Amino acid sequence: MPETQPPVEIPEGMEVVATRPRALTDVPFTYCPGCTHGTIHRLIAEVIDELGLDDRTVAIAPVGCAVWIYEFYALDAIQVPHGRAPAVGTGIKRASPDTMVFTYQGDGDLAGIGLAEVTHAAARGENLTCFFINNAVYGMTQGQMAPTTLPGQKTTTSPRGRDIARDGHPIRVCELLSTLDGATYVERVMVTDPKAIRHAKRAIRRAFEVQMEGRGFSLVEFLSICPTWWGKKPDEAVEWLRENMMPYYPLGVFKSAGQAGGEQAA
Amino acid sequence: MPETQPPVEIPEGMEVVATRPRALTDVPFTYCPGCTHGTIHRLIAEVIDELGLDDRTVAIAPVGCAVWIYEFYALDAIQVPHGRAPAVGTGIKRASPDTMVFTYQGDGDLAGIGLAEVTHAAARGENLTCFFINNAVYGMTQGQMAPTTLPGQKTTTSPRGRDIARDGHPIRVCELLSTLDGATYVERVMVTDPKAIRHAKRAIRRAFEVQMEGRGFSLVEFLSICPTWWGKKPDEAVEWLRENMMPYYPLGVFKSAGQAGGEQAA
Amino acid sequence: MSAEPKAILMKGNEAAAEGAIAGGCRYFFGYPITPQNEIPHYMAEHMPQVGGVYLQAESEVAAINMVFGAASTGARVMTSSSGPGIALMQEGLSYMIGARVPCLVVNVCRGGPGLGNIGTSQSDYWMATRGGGHGDGRCITFAPATVQEQYDLCYESFDVAERYRHPVMILSEAALGQMMEPVFVRPRGEAPKDEKPWALGGRRGGRNRRVINSLYAQPDDLARENRVLAELYEQVTREQVRWSEKGDDDPEVLIVAFGIPARCSETAMERAAASGVRTRLVRPISLFPFPHEPIRRWAKVAPHTLVVEGSIGQMVDDVRMAVGDQSKVSLLPVLGGLLTTPEEIAHEIQRVYEEGGRAP
Amino acid sequence: MSAEPKAILMKGNEAAAEGAIAGGCRYFFGYPITPQNEIPHYMAEHMPQVGGVYLQAESEVAAINMVFGAASTGARVMTSSSGPGIALMQEGLSYMIGARVPCLVVNVCRGGPGLGNIGTSQSDYWMATRGGGHGDGRCITFAPATVQEQYDLCYESFDVAERYRHPVMILSEAALGQMMEPVFVRPRGEAPKDEKPWALGGRRGGRNRRVINSLYAQPDDLARENRVLAELYEQVTREQVRWSEKGDDDPEVLIVAFGIPARCSETAMERAAASGVRTRLVRPISLFPFPHEPIRRWAKVAPHTLVVEGSIGQMVDDVRMAVGDQSKVSLLPVLGGLLTTPEEIAHEIQRVYEEGGRAP
Amino acid sequence: MTQTVARKGLVVIHAERCKSCEWCVRHCPTENLRIGAGTNTRGHRPAEVIDPENCTGCGQCALVCPDVCIEVYRARRSTSRS
Amino acid sequence: MTQTVARKGLVVIHAERCKSCEWCVRHCPTENLRIGAGTNTRGHRPAEVIDPENCTGCGQCALVCPDVCIEVYRARRSTSRS
Amino acid sequence: MRTDVIFAGIGGQGLMTMGQILASAALSEGKQASYLPSYSPEVRGGWANCTVVISENSIGSPTVGEPSVLVALERTSLAKHGPTVKPGGLILLNASLIPEPLQRDDVRLIGVPATEIADELGNPHVVNSVMLGAYVAATEAVTLGSVADAVREQLRSRFHLIDVNMTALRSGADFVASHTPEVV
Amino acid sequence: MRTDVIFAGIGGQGLMTMGQILASAALSEGKQASYLPSYSPEVRGGWANCTVVISENSIGSPTVGEPSVLVALERTSLAKHGPTVKPGGLILLNASLIPEPLQRDDVRLIGVPATEIADELGNPHVVNSVMLGAYVAATEAVTLGSVADAVREQLRSRFHLIDVNMTALRSGADFVASHTPEVV
Ligand SMILES: Cc1ncc(C[n+]2csc(CCOP(=O)(O)OP(=O)(O)O)c2C)c(N)n1
Ligand SMILES: Cc1ncc(C[n+]2csc(CCOP(=O)(O)OP(=O)(O)O)c2C)c(N)n1
Ligand code: SF4
Ligand code: SF4
Ligand code: SF4
Ligand code: SF4
Ligand code: SF4
Ligand code: SF4
Ligand SMILES: [Mg+2]
Ligand SMILES: [Mg+2]
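Chains as they are written, first to last, in our numbering: chain A, 8 to 273; chain B, 8 to 273; chain C, 8 to 367; chain D, 8 to 367; chain E, 244 to 325; chain F, 244 to 325; chain G, 206 to 389; chain H, 206 to 389.
No wet-lab data here; the hints were simulated from the structure.
Given the structure is predicted, the values throughout are model-derived calculations rather than measurements.
We put the CB at the ideal spot given by N, CA and C, even for glycine.
Incorrect hints may appear among the rest.
Unchecked claim - Sample of chain D residues facing chain H (criterion: CB under 7 Å; computed from the structure): (1) Leu16; (2) Glu188; (3) Cys271; (4) Glu273; (5) Thr274; (6) Leu346.
Claimed, not checked - Taking beta-carbon pairs under 8 Å as the criterion, some of the chain A residues facing chain E (in silico): (7) Thr11; (8) Ile17; (9) Gly20; (10) Ala25; (11) Arg27; (12) Phe36; (13) Cys42; (14) Pro201.
With the rest of the complex left out, here is chain A (with noise of 0.2 Å):
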């Protein structure tokens, strides 16, 4: 079969509305089919494309399903220990201090052996932002509990369904990185309609607005799905991140310019 359908010249007279960013290499992205990983890739991409930020951006790949984005990305980029990446961006900040660095985390990443990591990072105020997957799965390893899955849900290791006596609470990590005073900005969007999605790309936008101006650490968490691990089909697992994360994981910005507070999205 072709390679575009249709095998295409573009009329005159038509401008482009949606093309691929320039900021992402043609390396076809590794992600299962639905994954919204390659949508939240794409929202970067285009900020970095917007802002001009391709020439002075590196990119901090964790340890997970998006592990590749070193080779995502039309960047530099560096691949680093497992939840370790804001350590990492420490280091390039300090010793590069007008290089753009962004990490890309998923939630075992993040909130589970990087907690420690991401949370000082935030105290110190680190002039980095933080990209934060949450899809309530450790995707990558086969679909572990991980710190974001939430009360009831079945996993590989929860199979009978998250226990909360035996396995604890689930960690809201806008909450409570933004009682952190170094913290600047702290949103959680999620990008499951097109207006989600333009939404989220307006978070992805101050966020590096934020690092821009010096301002200090900037994270968006996005609500992201797994069809594999969830076992559903992508339509189904948009609805099951409707019914049972959104009342668990309120959208908003939670942090901004040093202003706390819980704010709901609209």
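Given the coordinates of chain A, assemble chains B, C, D, E, F, G and H with the ligands onto it according to the supplied hints.
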């Protein structure tokens, strides 16, 4: 000189008002003169005596000036890696749920290297008690900056004073942990005058009671002095604590029986 | 045929988990990492069935410290991980060695260094046999070569760990964790009931207090403990050296390999025999203590010693120490998550044979 | 006498810090631990003076990863710690080795295992020379014996690290970190200005993007990288073996020792000479690569080889490998935070001499 | 090389990248996308446009596509439709 | 062995444990404690009671002493003072 | 007698199940068997393969450098493993996804239009069963009956899938039986 | 010529300063010197000691098993290190805190009432300077002048302490000079 002054026989008709708690061995404390680690030790021991817990409690010794609590308490005890006491405590509680477990951790131990372990233990609602001694420095290792060192405070690694722009903001542990659903009881106290000491003892008792009732994670933070590394006499240190630490670290119950809130202590 | 024990097809990882449970393990603390995930999955499913606890830790650092805590109560406790996770456990292991607390750690080794890959490897040999973190400790390390042996060693390891009050490490490999073979399983047993005189749990019944500790501020005291450890390792060396061997009695090439490469070597030896080269295989099962003696014995016979291992060369150091100047030591390194094959090894046997051997 | 360089009395730890700064180090990330605290204290004081950054990390895990980040920009970066902290850095070191990022790590070794004590020790020998965490990496390791050498090796280590794009570890000892001796210091230099073709910082001027990475999902790719590492270590072995030696040309006892025990051995040799025992000392300065060759050369002469080291016996393995069957190897272990003395060593020289030597 | 006729919108789908997840299909306001019958080399059945005339060039499909398979073009307002 | 006369309160200071930190001195409501002139084996100058008659047995000194050096006794209320 | 086979494809094609079922079937016939999977870390879509060795005696090496049989489910797998097959060996391939055959004349090549067969059976996921049936028919390493039993055991809890997999096994076997082996 | 001394006491007695000043003084006289401290982990009050070796040539071992001189500031240190002093060696002790002398007649023992002298000088913290003065007078390892210079250098930023320390040094030296060495 004689061991005690007066070299005593207690006259008839006198009752004991204060004596060495049974839960302490007779090993002298290793602390510097005037250091309030000792005061806190005694209060914990008194509560253990009063609740009759000495035959079923395991004390977890941190790495820090208080590392030798395994010699000070007349209890089963374990000395563990720096910062990991809540994880070790988790192991003990899971294998032996009817054992009472407390950790005793400095601010370097709990809020520095061990922040992930205490946060996750709190999130899990682990049924144990953490005593958190905030003296705004790393005492044992020669007075370096701690995560709780105040802005402007001089330490051996912030010789020109803690610089927020470089070193970041101090972490308020009670405020941070009380955002977690699994944290049942979180209070900050101090031990710098008789009234505060009596109040602190009540907090210790409540924390143990929460654990005895199987109600989950409890933590009591103590504002404590480090005359040696603050470079102050004990009474000057108390003054400094009142003037500098108290405004930054307000006393109060931050979480109680599932209720959140920054209720100020009277 | 009903009473006859029946072999069941199991993954190596499942066999490790089931072997541990059968051996009395009731507490598992771990953090996910490929290629050992079937162990936590199995534990999450099965621990509740035997009244045990599976708890997912927030990290490998937390996991090993949860193991420390639970094991300090006298319970049989394990964790499992792979290279990067085991690296994070080094400090905790050192404390457990110093404080003399037994436990089982399974390392299903993957390709390294760094994130490496999830292919099979043996390149954590040093971290296992010299590791256990800082200080003079090292792990008692066993390396299985079949799924059955993986089961058996995990089963037995708690007895060994408790005998010496010391952590035991199983150095497995991705391939062994992932592969399936028939396994004869035992009924699930309980840990022996005898009270451990060091186990914590509060001074029940008013007994004397107990302390688990690795701090000895006085150098003389630490020196005493270090000497105890040195003697313990001598005892372990007397009692726990394990290996298997097979092949010709007058070998021209001595092969030393453990785990899967040893099995590939076995098949390669058939080919070598076909080309007229006499070989003998010594397969270390205990990596620490290392079977120096049988290797030296055969090295005195065989002018060539070929080490086949899944690394750029780690066990080869132990072999060199055993062999001394008795035989010429060559290395076939199996790199980067690759599996070796009988063909490759047969080729190397031929090569070293033709090259001509004996001492340096 | 004004232009003559003047020695100043410095603590070993301060010398390490000043040596690194003089060698161009501008970023220090670390976490407090005795007996190396003078290094961070010195850095906190002096880094601002040279336009560098001292940042206290929240843990050793964070520290080594901050080093990873800063070093990936091409800067000269270091951290320092002691046993337990170095154990926590093992995973990060493995990543840096896999991703080929240079840095300096100073381990001021204390007594272990576990919390051990803050006395002097060399028992992190294995963690240094075999460590660097999981996988096939190992640290290029130098061991100073004087405060001057501590200064010089830290000064030089960045050149070495950058030459091989690989972490360098200085294995120091509590005693050496704490002691004071006169040191000749150099003017503080800057790192060479030449652009590192792998250093990150954004695609400035539209250059091609750069990636620092240790993941090679395809076994063939990882095997290739492992082979590169093996070759690198061969090159390092050709170029970086360092040792010093002194003593009789026809020794009856060969002494192998590094660091402070080597200096104690020197003084002990005078006593041995007085009792008529001829000795020679080989003092490894590079622990990896290890000076096998000079040791083997002298082992062929001396029927006795005495290893003096601050552990229950770690370097002795490397010595055994070097010596083969040429000389009888004995070990004088210095345990648990204790300092050895010339008297103790002289006594042991006499003992092994009288015991009678040569091969096993 | 099909020369497309002038229209409001035009989408180009990179079939080799498509994973058949149906995000685009679900979000096209004109219900103008579907999963096709063919298979790409990775074994997925790529999405395809049903009626090129029907596309408004709204960009929703590209906005939701997680694999960046879709490019969208729209007729310039200033330019008269021929 | 000094036989103390009957009194409201009585404190016993374990001089060997005392580190001369003055917490007790500062908090005695009757200002009845001071740092003594002697030195214990660790080189500290322990606190001592100024006038045994003046002690009310209030326990403040023991409450604030970080080194658990002080035992406090008080006359039983029910018992008549002799 | 020792026989071996490599199943190769991409993650999600059911390769691992094929290997496990074959090993189970061998075990149930009283033989020794080892099954050794290998895969890249992507959760879906990466390369994957497994090696099954069956033997009357204890199995030494569970790996094979030169397999006697290769079952290739898609192009890249054939390209990677095809050249390693032992001269005189056998390659079974999913002809629906592999248009160009391998240029080797020292091995038997059998192309099975497995995707088409599966589509005809109304379930695209049974491609692996079709190929397994074909493998068994072509090699007789185990009996089709033991394989069928092993599939039934495997699908115990998803029994609605048993029938279609049985049909798929048989279709694969039938295809091999009824076609010239040297097809493609 | 190689000479060595161990200063021993408990943390907080200023031992380390004594050792460092002695090493500096030696260095300023063009000699080689090493100073090696050792202490327990308590921040205050634990055991502590330091060894200083002074030599014309390069210094091999910075440790000594049998020191030629011991300066003991309190009881336990004397008990611990006293027996190790080389026969014919010298022990200086703070007689104010060490009532019972050591039972050895193969060494020279000099008791200096250092705490009392310091108290008389109005600063209990200068015990270490008194003992250092005594050490220099008894051994002549370096000159009192070099030591005084080194103390001045050390106290540069706390110059109000210089005078009292100078007096203390001299008092210690004078005490040794004016008393029978075999005192106590
Ligand atoms: C130290 C260490 N521990 C564990 C792993 C294994 N591991 C790889 S990815 C991952 C979790 C990924 O989950 P998450 O961060 O939620 O990302 P997702 O895949 O869900 O996007 C884990 C535990 C590792 N590589 N290193
Ligand atoms: C892994 C590790 N890192 C560092 C140390 C060194 N260390 C010992 S105590 C301590 C800090 C103590 O500070 P804190 O916890 O605040 O207790 P304090 O002494 O102030 O009571 C540190 C960093 C160690 N022992 N282990
Ligand atoms: S496993 Fe989950 S998170 Fe990972 S790529 Fe697949 S769907 Fe996405
Ligand atoms: S150093 Fe500080 S915290 Fe430690 S014992 Fe001394 S005063 Fe207390
Ligand atoms: S651009 Fe809009 S109308 Fe056109 S195909 Fe995409 S979603 Fe449908
Ligand atoms: S959203 Fe993208 S990947 Fe999904 S079906 Fe549409 S074009 Fe294909
Ligand atoms: S008991 Fe009260 S009155 Fe008596 S000494 Fe103590 S504080 Fe003073
Ligand atoms: S409070 Fe205690 S230690 Fe302090 S001076 Fe009084 S008795 Fe002594
Ligand atoms: Mg996730
Ligand atoms: Mg502290």
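*Indices of hints not satisfied (ascending)*: Of the numbered hints, all hold.
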